[in-house]
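Trainee: One letter stands for each residue in the lines below.
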Amino acid sequence: MVIDWSHFTPLESLGGGLLIGLAAALFMMVHGRIMGISGILGGILRPIKSDFLWRATFLLGLIAAPFVARMAGLISAPKIDGSVFQLVLAGLLVGFGTALGSGCTSGHGVCGIARLSPRSLLATVLFVSSGMVTVWAVPFFGLGG
Amino acid sequence: MRRLSEFLIGLIFGIGLMISGMTDPSKVKGFLDIAGNWDPSLAFVMGGAVIVSFAAFRLAAKRRESLFGRVIMLNDTKPIDVKLIAGSVIFGIGWGLSGFCPGPAIVSLGNGEWKAAIFVAAMAGGMVLAGYVTRSSKG
Numbered sequence: 000m001v002i003d004w005s006h007f008t009p010l011e012s013l014g015g016g017l018l019i020g021l022a023a024a025l026f027m028m029v030h031g032r033i034m035g036i037s038g039i040l041g042g043i044l045r046p047i048k049s050d051f052l053w054r055a056t057f058l059l060g061l062i063a064a065p066f067v068a069r070m071a072g073l074i075s076a077p078k079i080d081g082s083v084f085q086l087v088l089a090g091l092l093v094g095f096g097t098a099l100g101s102g103c104t105s106g107h108g109v110c111g112i113a114r115l116s117p118r119s120l121l122a123t124v125l126f127v128s129s130g131m132v133t134v135w136a137v138p139f140f141g142l143g144g
Numbered sequence: 000m001r002r003l004s005e006f007l008i009g010l011i012f013g014i015g016l017m018i019s020g021m022t023d024p025s026k027v028k029g030f031l032d033i034a035g036n037w038d039p040s041l042a043f044v045m046g047g048a049v050i051v052s053f054a055a056f057r058l059a060a061k062r063r064e065s066l067f068g069r070v071i072m073l074n075d076t077k078p079i080d081v082k083l084i085a086g087s088v089i090f091g092i093g094w095g096l097s098g099f100c101p102g103p104a105i106v107s108l109g110n111g112e113w114k115a116a117i118f119v120a121a122m123a124g125g126m127v128l129a130g131y132v133t134r135s136s137k138g
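In order, the protein sequence lines correspond to chains A and B.
Residue numbers for the first sequence follow numbering that gives the first Met the number 0, beginning at 0 and rising by one.
Residue numbers for the second sequence follow numbering that gives the first Met the number 0, beginning at 0 and rising by one.
Only chain A is shown next, with the shape it has when bound in the complex:
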């Protein structure tokens, strides 16, 4: 392991993290629920009339973030590398896995750990580990983008 100091951004990452925590805190105050993106998106795919609208407005807020950031002169759009095949495969795995495991980086990784849930702690250890193994293994399969 070599630490990549040239890309190390502890302050930005901490600051962004505090905002994410603030959003999770407000979501709990307003909704009384854990803010989990995969769950919010998953719910919109099997729509129930009574809760379609709040899911949609929340997701619209997410999509609006780059517009607001651009107006404020913050941040340019990051580059997305990888072939279409790779993105489709990865998207299917992310969608399938988060639906099966009932959570992703926000629901399990942030909110679950913050409420000291054993389930979420295990989920987080597993998806971070399998992500690390995947990044390590990708060059051997020639999938590198």
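Treat the hints with care, as some may be off.
[As the list claims (entries may be wrong)] Here are the simulated lysine to any residue pairs, SDA-like style, with alpha carbons at most 25 Å apart:
id : chain 1 : residue 1 : chain 2 : residue 2
1  : B       : 77        : A       : 46
2  : A       : 78        : B       : 25
3  : A       : 48        : B       : 64
4  : B       : 61        : A       : 32
5  : A       : 78        : B       : 34
6  : A       : 48        : B       : 4
7  : B       : 61        : A       : 118
8  : B       : 61        : B       : 128
9  : B       : 82        : A       : 44
10 : A       : 48        : B       : 128
11 : B       : 82        : A       : 131
12 : B       : 77        : A       : 43
13 : A       : 78        : B       : 128
14 : B       : 77        : A       : 120
Think of the hints as simulated: they come from the structure by calculation, not from any bench.
Only a predicted model underlies this, so the values are computations on that prediction, with no experimental measurement involved.
Here the structure of chain A is known, so what remains is to put chain B in place on it, guided by the hints.
Mentor: Same frame as chain A, but now just chain B:
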């Protein structure tokens, strides 16, 4: 009022994801590349987010209802099972492959990136598929 609050919370969350580096797939891959050239930045994202939400959840645990009158749910409702384990491992593979998890992928739609749209469409497909698989395994 409620609709506005949900929109604003989504907006705060999305801007947080952007500032933190989570919406940059190469940054995410750098964080997961622990065997190579490791960029530990994203550990700080989780640190910052957990500190704030931990404090907020402590306060929430003392209340029964949210501001808009919904019952507060903070505890696990499901056990640790094969679905949780397999699902998390599968999610991690997709995350490592693309550098995208669900929130940042949706934020990237707002950048007008067609590649993000492909990813989100596939992700929605994966979620629908998981619904069929879990329903058929039950029946």
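Trainee: Holds or violated: residue 78 of chain A and residue 25 of chain B, Cα atoms, limit 25 Å.
Mentor: 8 Å, holds
Trainee: Would the hint linking residue 61 of chain B and residue 32 of chain A be met if the CA-CA limit is 25 Å?
Mentor: Holds - the C-alpha atoms of residue 32 of chain A and residue 61 of chain B are around 14 Å apart, at most 25 Å.
Trainee: Keeping to a limit of 25 Å between CA atoms, is the pair of residue 48 of chain A and residue 128 of chain B held or broken?
Mentor: Roughly 22 Å between the alpha carbons, so the hint for residue 48 of chain A and residue 128 of chain B holds.
Trainee: Going straight from one Cα to the other, do residue 48 of chain A and residue 64 of chain B come out at no more than 25 Å?
Mentor: 22 Å, holds
Trainee: For residue 77 of chain B and residue 46 of chain A, compute the direct alpha-carbon distance and say whether it is at most 25 Å.
Mentor: 22 Å, holds
Trainee: For the pair we were handed, residue 82 of chain B and residue 131 of chain A, check the Cα-Cα distance against 25 Å.
Mentor: 21 Å, holds
Trainee: Are residue 78 of chain A and residue 128 of chain B close enough, with their CA atoms no more than 25 Å apart?
Mentor: Roughly 29 Å between the alpha carbons, so the hint for residue 78 of chain A and residue 128 of chain B is violated.
Trainee: Given the hint that residue 61 of chain B pairs with residue 128 of chain B, does the C-alpha gap stay at or below 25 Å?
Mentor: 38 Å, violated
Trainee: Regarding the pair residue 82 of chain B and residue 44 of chain A, is the alpha-carbon distance no greater than 25 Å?
Mentor: Distance ~20 Å between residue 82 of chain B and residue 44 of chain A Cα, so the pair holds.
Trainee: Would the pair residue 61 of chain B and residue 118 of chain A pass a check requiring their Cα atoms to be no farther apart than 25 Å?
Mentor: 22 Å, holds
Trainee: Under the criterion that the straight-line Cα-Cα distance not exceed 25 Å, is the pair residue 78 of chain A, residue 34 of chain B satisfied?
Mentor: 23 Å, holds
Trainee: Could you grab the alpha-carbon distance between residue 77 of chain B and residue 120 of chain A and see if it respects the 25 Å cut-off?
Mentor: 14 Å, holds
When held up to the earlier numbered hints, the structure conflicts with 8 and 13 and fits the remainder.
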